[in-house]
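Use these hints to put chain B onto chain A, whose structure you have.
Each chain, letter by letter, is given below.
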Amino acid sequence: MRVVLAEDLFLLRDGLVNLLRAHGFEIVAAVESGPELLKALLDERPEVAVVDVRLPPTFTDEGLQAALTARRAIPGLPILVLSQHVEQLYARELLADGTGGVGYLLKDRVFNSEQFIDAVRRVASGGTAMDPDVIAKLLASNARNEPLGKLTPREREVLELMAEGRSNAAIAQRLFLSESAVGKHTANIFTKLDLAASDDDNRRVLAVLAYLNGTR
Amino acid sequence: MVLRTAVGFGRGLVYIPLVALHLVTLTLAAVAFLLTFGLGMVFLGPAGVRLVRRQAGLARRLAHAWSGVDIATPYRPSPPPPMPQRDGWYRDGRQLYRTPRIPSFNRTWNWMYRDPATWRDYAWLATEPLVGGLLVLSPLLTAGLGAVLVYTWRPMQAVTGIVLVIAGVLLAPRMVRVHALWTRLLLAPTHRARLTNEMRHLSQVHTEVVDSQAAELRRIERDLHDGAQARLVAIGMTLGAAEELLESDPQAARALIAKVREASAASLVELRQLVRGIHPPVLAERGLGDAVRALALDSPLKVAVSVDLPTRPDAPVESAAYFVISELLVNASRHGDARNVEVDISHRRTALRITVTDDGHGGADPSRGSGLRGIERRVAAFDGVLALHSPAGGPTVATVEFPHALGPDASCGSTLPKWKNTLMGICWGLFWLPLFPQGLVPLFFKIFGVDERSWFLALYMPEAFQWPVILGMIALGICMIAFAVRASSEVRERDVEPNT
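Top line first, the protein sequences correspond to chains A and B.
The working numbering applies: residue 1 is where the first sequence begins, and numbers increase by one.
The working numbering applies: residue 1 is where the second sequence begins, and numbers increase by one.
One chain only, chain B, in its complex shape:
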């Protein structure tokens, strides 16, 4: 507890140089912005945006590292570099360029300034010194003020000072977290940005799935055409010949019929293999667990299978999972020289998780193996991910996770009612006003009898109302922070557990 508070307080202290750095960035960014849009020095634009993004990235990382508040990067994926046309020119809209410089700049420009996240970054940059700075620095200021009071050595003020120091020190870690939530508010991807990104990803996956499905169908068609179909034609012809020979040469007819039987057996074998490649029969009959056990029995490796599934996953996911495991087993024996493999199929809430561990010599790399790329594609079709850990010398651990494989796919999203969202913004933006200039500062003026009224509302009140107004202002400020924090963490929970 003491240690944690100390660490939190230390982090609060680190914010002092950070706020200074932020002010420098703000100045530079403002200058770049004015030069870009005021004087038309457009080449400064992207540099300014990069600077802002770097500062925002720092804030995101700090929020994650110090407060465990995950803030995803909201920017759109950067545009690919322009490709020359066949004649060597670069095309951008209706213009042609000799070098890629201008098209590339235009792409970068559009990528940056058409992204709402950039403008949210600017908004954050402008408000952070006041709001964010006040949030993290207020406990420090309180503690500092307390320390000064203690130094006066007058009993009444020294006691107040000690109380202030303790309050400041205790509050510091909390305010670091509150600051992280505030950062999240502006720097996290909006609902809309997340949906846009999701849609872009989905359409890419969709294209890949359609492509690979078409290829798969072509392969099946070719297999049937060259295999079973051709054999059936041959069987028909042979039977025709046998029919003709039945009267004249029964011996030869008998030989032909024996051939027909062989041909039909061969086509059955072919069809069986084809079916196994499309949808393995054990999978249809028994589900993933037993299908993988059957796979393990057929494998030349020693495979241990453990399965913990409450229900059967959806059929397409099940099939994808089966082929992924099959491919991983083949890889383990063919490339990894493994002898023992462990396959673990488990679930985490509605996610299906598969871990395949082998004792081979490792060194597997998805960027080189086309098999692993195939697995990634197969998995991506269901929003899944493949994580491969394969140091040279082994062991190789491949983990595949299919989210929402075992349950209804409740659509995620932070959908606070609009009024709540707006109120949250107002609270975050204005809580300091009642708390500090209208609350704490007049409080001190009042305690120490400073004869100055400035713009402090309470001090203009008749004597009787001064104290209630001061305390009311402080309470209002605290309530605003509390509401903002609660609403923010509500959004967070909905993001983390989309299925509850």
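Just chain A, same shape as in the assembly:
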């Protein structure tokens, strides 16, 4: 799988290159600044890009801006954004076009290579990968939201994992449940939140995120 990588710290870039290569990805470009990234994204059209938010030359949100610009030019271009901190604001912007194929993770998540690679693959296949911190913040700011209060604790757990972008199978594995049990929980959640049910994993996740973002 062809990957574009943008990270300004040499050590981290090198580590990511090694990690991704070890899992069978092909690094077509490993860049270290915003303009280079945008050019690489538009020229190479990678199957997935892993991008740091803060990049030279301005060290503001160059990486995020480049990613958003590229996605406007190539709708659905899968991009996984990494950052030292996660913000609901940025998550909203990434999810705004509603097409999926986006990820937004804390850099710490790289520590667990298995889950990180899983997230990269998920984003590449048009799914989403949202950091648990983002989801926790989303749920916290929705705390006074009436329908959310009606969920059982188990349904809440399922909702959290679903919002992170995981498939039913993955949720079942994480919570030690059968896949059909998870299916039942998700059906309940959709009824309680008054969302249109869908069989497609990705579309379901996007519906949940849109609901939590209040942009439904």
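Just so you know, not all the hints are guaranteed correct.
[As the list claims (entries may be wrong)] Subject to a maximum C-alpha distance of 30 Å in a straight line, what follows is the list of computed DSS-like cross-link-like pairs (lysine-lysine):
no., chain 1, residue 1, chain 2, residue 2
1, B, K302, A, K192
2, A, K39, A, K107
3, A, K137, B, K259
4, A, K150, B, K302
5, A, K107, B, K259
[Claimed, not checked] One-sided and incomplete, this derived list gives chain B residues near chain A with beta-carbon spacing under 10 Å:
no., residue
6, R261
7, V275
8, V282
9, A284
10, L301
[What the hints assert, rightly or not] These stretches of chain A come out as covered by chain B in the derived footprint (C-beta under 8 Å, 3 or more residues):
no., segment
11, 54-62
12, 141-152
No wet-lab data here; the hints were simulated from the structure.
Note that the Cβ used here is the ideal one computed from N, Cα and C, for glycine as well.
Relative to the frame of chain A, chain B by itself:
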């Protein structure tokens, strides 16, 4: 128009008892001054000064209320009461006193008589009856004279009388304003006094900023020392142990390495929180507007944010503004029980203005909440102000304004050239001389054929020159007033718009 003129004329009338009151004050103050410095009855000094200050304060308030001319109080802040030493005695210079009375008196004395504003007050008090009184009362006198003339019922004089009455009535409101400008000249703080006050304020703010910065640095140091640093030490030690175990017990080594990974993740979380407290990343990346939007999203309250900023404010102001808003949001949810909050960030010329309105139960009071005191301190460091309106039952509206946050800080000050300043003083002080005794009075003498020359210059002239001299004198007087008014309002404009 008619109403305004009537009101202005009425105000002019009010000055009649005011001038009388002023004369009483002048007499009392002069007596107190003479007794104080002539007979050494020093205890009368402060009372005299207080009397003068009260009269001056009245004039300032009138100038503001009637003419919209703002005159700041120029006095230095009053001294704090003397504090006893550890042994219970009061120290004043090299003397010790048993009671605070004498040290307190000395402080008051120095505070009053070392302040140039006091002497300017006296100067004003002495000149006001002549200059100020003439300014406001001249239209009234003109109108009064006109009325008397009308009463004579001789056609020529009656017409003149009517003209005079109209002129007097129309002039009265203008002269009230001119009087306010004259008051400003002596009673407003001088450039120097303003700078001195500003400097005193700045040095106080500076001390507070340095203190709070030092405290902040200590907190960061402690957080790093107890948190990330300690964890890194632990990580190093654990890695060392794992290295030793690698050969003999790979299983245990693997467990240790997993622990190291956890520890490093935990220290990252800690560092992230620390960074957020020092300078929030979104603020660095996106600026105030988006940082506040991010804050709004994270808040459990429903927060509506509107931002209208032409440019990014300076980084320190931006950071202060961010933390102020953050603190206000926390207050709204924690103490005010609010559900909805509106944050409005706007600008007025180069000032940054933030308004936070919540629908909580109100009753916030800066004197009780340490959080609000903290906000005031933070804001004061940038010359800003916090205005809080929080009636019991809500809603609470907190407004913070940072002046000069969005632009170059052009130093303010009324800097007329010196010659202009002097000329302005002369014009204010002497305009009455050509206008009245040498102008209007001989004019009347001439019209009514009064056979009296007194000290009226024009009447000593040969017949042919009398009229031109009279008219010239009146014109000179009017020109002097006009110049004085223009120069005064020039000073005023420079004060109001220091950045243009």
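Now the hints, each set against the structure:
no.	hint	result
1	B/K302 with A/K192	holds (22 Å)
2	A/K39 with A/K107	holds (24 Å)
3	A/K137 with B/K259	holds (27 Å)
4	A/K150 with B/K302	holds (20 Å)
5	A/K107 with B/K259	holds (18 Å)
6	R261	holds (5 Å)
7	V275	holds (8 Å)
8	V282	holds (6 Å)
9	A284	holds (7 Å)
10	L301	holds (9 Å)
11	54-62	holds (count 4)
12	141-152	holds (count 3)
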